[in-house]
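Given the sequences, and given the hints that come with them, work out the whole structure.
Spelled out from the first residue to the last, the chains are:
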Amino acid sequence: MDWSLLLTQLMNGLQLGLLLFLLASGLTLIFGIMDFINLSHGSFYMIGAYFCGSIVARGGSFLVAVLVALVGMFIVGALIERVIARRLYRADHLDHVLATFGLILIFDAIVHIVWGPSGMAIPLPAILDGQVTLGSLVLPTYRLVIISGGLLVAAILSVLVTRSRLGMMIRAGASNRTMAEALGVNIHKLFLIVFAIGATMSGFAGMLIAPITEASIGMGNDIIIIAFVVVIVGGIGSIKGAFHASILIGLIDTLGRSYLDDLLKIFMSLDYAETAAPALSAMLVYILMAVVLAFRPQGLFPPAGIRA
Amino acid sequence: MTAWFPSSISGRCYCVLLVLLAVAPWIFQWTDQPFLLDLLSRGLILAIAATSLNLIMGYGGMVSLGHAAFIGIGAYCVGIPAYYDLYNGWFHLGLTIVVSAVFALLAGAVSLRTRGVYFIMITLAFSQMVYFAFVSLEEYGGDDGLVIYLRSEFPDFLTMQGPVALYYWIFATLLLTLFLVHRLVRARFGRVIAGAKHNEQRMQSLGFDTYRYRLTCYVISGVTCGLAGMLLGNFTGFISPEMMSWIRSGELIFMVVMGGSGFLFGPLVGTGAFVILEQYLPEFMKFLNPSWLEYWHLPFGLLLVLLVLFGKGGIHGMLSKLDSRTRQSDR
Numbered sequence: 001m002d003w004s005l006l007l008t009q010l011m012n013g014l015q016l017g018l019l020l021f022l023l024a025s026g027l028t029l030i031f032g033i034m035d036f037i038n039l040s041h042g043s044f045y046m047i048g049a050y051f052c053g054s055i056v057a058r059g060g061s062f063l064v065a066v067l068v069a070l071v072g073m074f075i076v077g078a079l080i081e082r083v084i085a086r087r088l089y090r091a092d093h094l095d096h097v098l099a100t101f102g103l104i105l106i107f108d109a110i111v112h113i114v115w116g117p118s119g120m121a122i123p124l125p126a127i128l129d130g131q132v133t134l135g136s137l138v139l140p141t142y143r144l145v146i147i148s149g150g151l152l153v154a155a156i157l158s159v160l161v162t163r164s165r166l167g168m169m170i171r172a173g174a175s176n177r178t179m180a181e182a183l184g185v186n187i188h189k190l191f192l193i194v195f196a197i198g199a200t201m202s203g204f205a206g207m208l209i210a211p212i213t214e215a216s217i218g219m220g221n222d223i224i225i226i227a228f229v230v231v232i233v234g235g236i237g238s239i240k241g242a243f244h245a246s247i248l249i250g251l252i253d254t255l256g257r258s259y260l261d262d263l264l265k266i267f268m269s270l271d272y273a274e275t276a277a278p279a280l281s282a283m284l285v286y287i288l289m290a291v292v293l294a295f296r297p298q299g300l301f302p303p304a305g306i307r308a
Numbered sequence: 001m002t003a004w005f006p007s008s009i010s011g012r013c014y015c016v017l018l019v020l021l022a023v024a025p026w027i028f029q030w031t032d033q034p035f036l037l038d039l040l041s042r043g044l045i046l047a048i049a050a051t052s053l054n055l056i057m058g059y060g061g062m063v064s065l066g067h068a069a070f071i072g073i074g075a076y077c078v079g080i081p082a083y084y085d086l087y088n089g090w091f092h093l094g095l096t097i098v099v100s101a102v103f104a105l106l107a108g109a110v111s112l113r114t115r116g117v118y119f120i121m122i123t124l125a126f127s128q129m130v131y132f133a134f135v136s137l138e139e140y141g142g143d144d145g146l147v148i149y150l151r152s153e154f155p156d157f158l159t160m161q162g163p164v165a166l167y168y169w170i171f172a173t174l175l176l177t178l179f180l181v182h183r184l185v186r187a188r189f190g191r192v193i194a195g196a197k198h199n200e201q202r203m204q205s206l207g208f209d210t211y212r213y214r215l216t217c218y219v220i221s222g223v224t225c226g227l228a229g230m231l232l233g234n235f236t237g238f239i240s241p242e243m244m245s246w247i248r249s250g251e252l253i254f255m256v257v258m259g260g261s262g263f264l265f266g267p268l269v270g271t272g273a274f275v276i277l278e279q280y281l282p283e284f285m286k287f288l289n290p291s292w293l294e295y296w297h298l299p300f301g302l303l304l305v306l307l308v309l310f311g312k313g314g315i316h317g318m319l320s321k322l323d324s325r326t327r328q329s330d331r
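One line per chain: the protein sequences are A and B, in this order.
In this text, residue positions in the first sequence follow this note's numbering: the first is 1, and each later residue adds one.
In this text, residue positions in the second sequence follow this note's numbering: the first is 1, and each later residue adds one.
These are computed hints drawn from the structure, not numbers from a lab.
Being a predicted model, the structure only gives us computed values, none of them experimental.
Note that the Cβ used here is the ideal one computed from N, Cα and C, for glycine as well.
There may be inaccurate statements among the hints.
[Said to hold, decoys possible] Listing some non-contacts, in silico: residues in chain B with all C-beta distances to chain A over 10 Å:
(1) L105
(2) A133
(3) W246
(4) D323
[Said to hold, decoys possible] Covered stretches of chain B (chain A as the covering partner; in silico rule of three or more C-beta atoms under 8 Å from a C-beta of chain A):
(5) 91-103
(6) 247-258
(7) 264-272
See below:
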């Protein structure tokens, strides 16, 4: 077995997992606290990438672009919460699905109008563009940047949620919204902040991935579904669950795509394994989601106080 | 609607609508507008799919964000045999029914263990599985899809060849679907489904095995939607996994809600509105400003958001307001 290939794939899986975590942590909070299904959470991912890209294109350095775009994403998130999302919390889930589906169309059209139909490539600064040698392993520098960026945000979020007053309110809101409200938590302000933080993190994920894939219209529409898988598998409203599930799903997806055919070849014919493997590996995460939903609908790591 | 001719305004509107749909091909041939017949055919196929979704979503409260999977299954039940030069229509029809029923039974048996938002997510999961399964089937075109060169072959008096014949196939299937749903929801079966939507425990304590009722309902809905897919495959002559992406499932929900979820003719009217918007909104934008042609998703999305915020009951809801203004509604 090729161990350096396995290590590379593990790093790829970790990278995908951390990107998913950036999307899913906000999604799971919005889902858990506001009971709001936000299909358009992936649009923030796209908008973040475009924000960052257009600042870089105007001659900003990548780091400055990311920082400015993060502030921009916070404002966009807060705005959407005040104007649209807030009116929908009381509606039923079907209405959430419909309205946020409409929001996706609106965001895609706005990006189309502002930035045009073709994608936007984001050049990396020379320092980040090289490769790093770790023992026998050669890795692109930028991959390490994504991984450490994701881990950093995860660490900040974990401190914020477990150690700060805001985090206490968030946890209270996630396990019992009505009770938190009765105890004097300003629920409107809390919702606004949670939504905006979620949008910012989703946008951050978009900024991180854009130099590799380039920013394009609809880039969030595929990943948002996997982010929902993460939220469900981890348990709605649970940051810790989102973290474990993101890494798990990132690894399953990446390793499945590279090793499933070898695995299948053990117990079926070569031809058959080579046809079945790509189909099965693309389906793996959804199979996991269906199994979790069927046998443990509260998720693998449900937040404290929630009994399903 | 006990009277032979409905007495309410909305009921009369739907009657007129069905008569118009029945004579539409003649009108379009007369006025030489084959394009409109195409548009109408596509609309009615989607209406069959939306009506099948309405059965589980509107009457049964099972919101599925994966119903487009059945459209894809039906379409591939025509496409894959056609790939091997098997054009027998009965075979296509039988295969569609069996495969969609089996898939609905398996997916439904697992999905219906869950409720509400979890049901939305698990139906999404199953449709994504089907989607990616077909994306990775390189033999049948994978991502790029499959061209169907010939339509399903039926005996002469049932032929699908030619646009008008295909239209009547579609129209007849739609009528059958509407009739089936109409009878089902008024039968004891439909009462149990509706009862379980509002209060499942009560239905269970009355002695109904609601799980089995819901599963049956889901299978009926899935097979009907599969038939819509079979017709769509014949109609477009080109099928691809894109037909079953979750965006398509979202559009189906939109059609049902736009027309009026939980009303027999709601999905038909909603699909009509959807197809008209999809076709003429771009032209309207172009009329406003030629360079705006591609931006039609913007007003479309806005309409969706506004529909949710202000348009309770959809188009049917507005029509029934007319009814209650004259006299009691026909519900």
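Hints versus structure:
Its beta-carbon lying about 15 Å from the closest one in chain A, B/L105 satisfies the requirement of being farther than 10 Å from that chain. Taking the minimum C-beta to C-beta distance to chain A, about 5 Å, the non-interface status of B/A133 is violated against the 10 Å cut. Remark: the non-interface label on B/W246 conflicts with the geometry, its nearest Cβ contact in chain A lying 6 Å away (cut-off 10 Å). The beta carbon of B/D323 is kept farther than 10 Å from every beta carbon of chain A, the shortest such distance being approximately 24 Å.
Three residues within the 8 Å Cβ limit are the bar, and the region 91-103 of chain B against chain A gives 0, so the coverage statement is violated. Under the rule that three or more residues need a Cβ within less than 8 Å of chain A, the assignment of the region 247-258 of chain B holds, with 5 such residues. Under the rule that three or more residues need a Cβ within less than 8 Å of chain A, the assignment of the region 264-272 of chain B is violated, with 0 such residues.
Of the numbered hints given earlier, the model fails hints 2, 3, 5, 7; all others are met.
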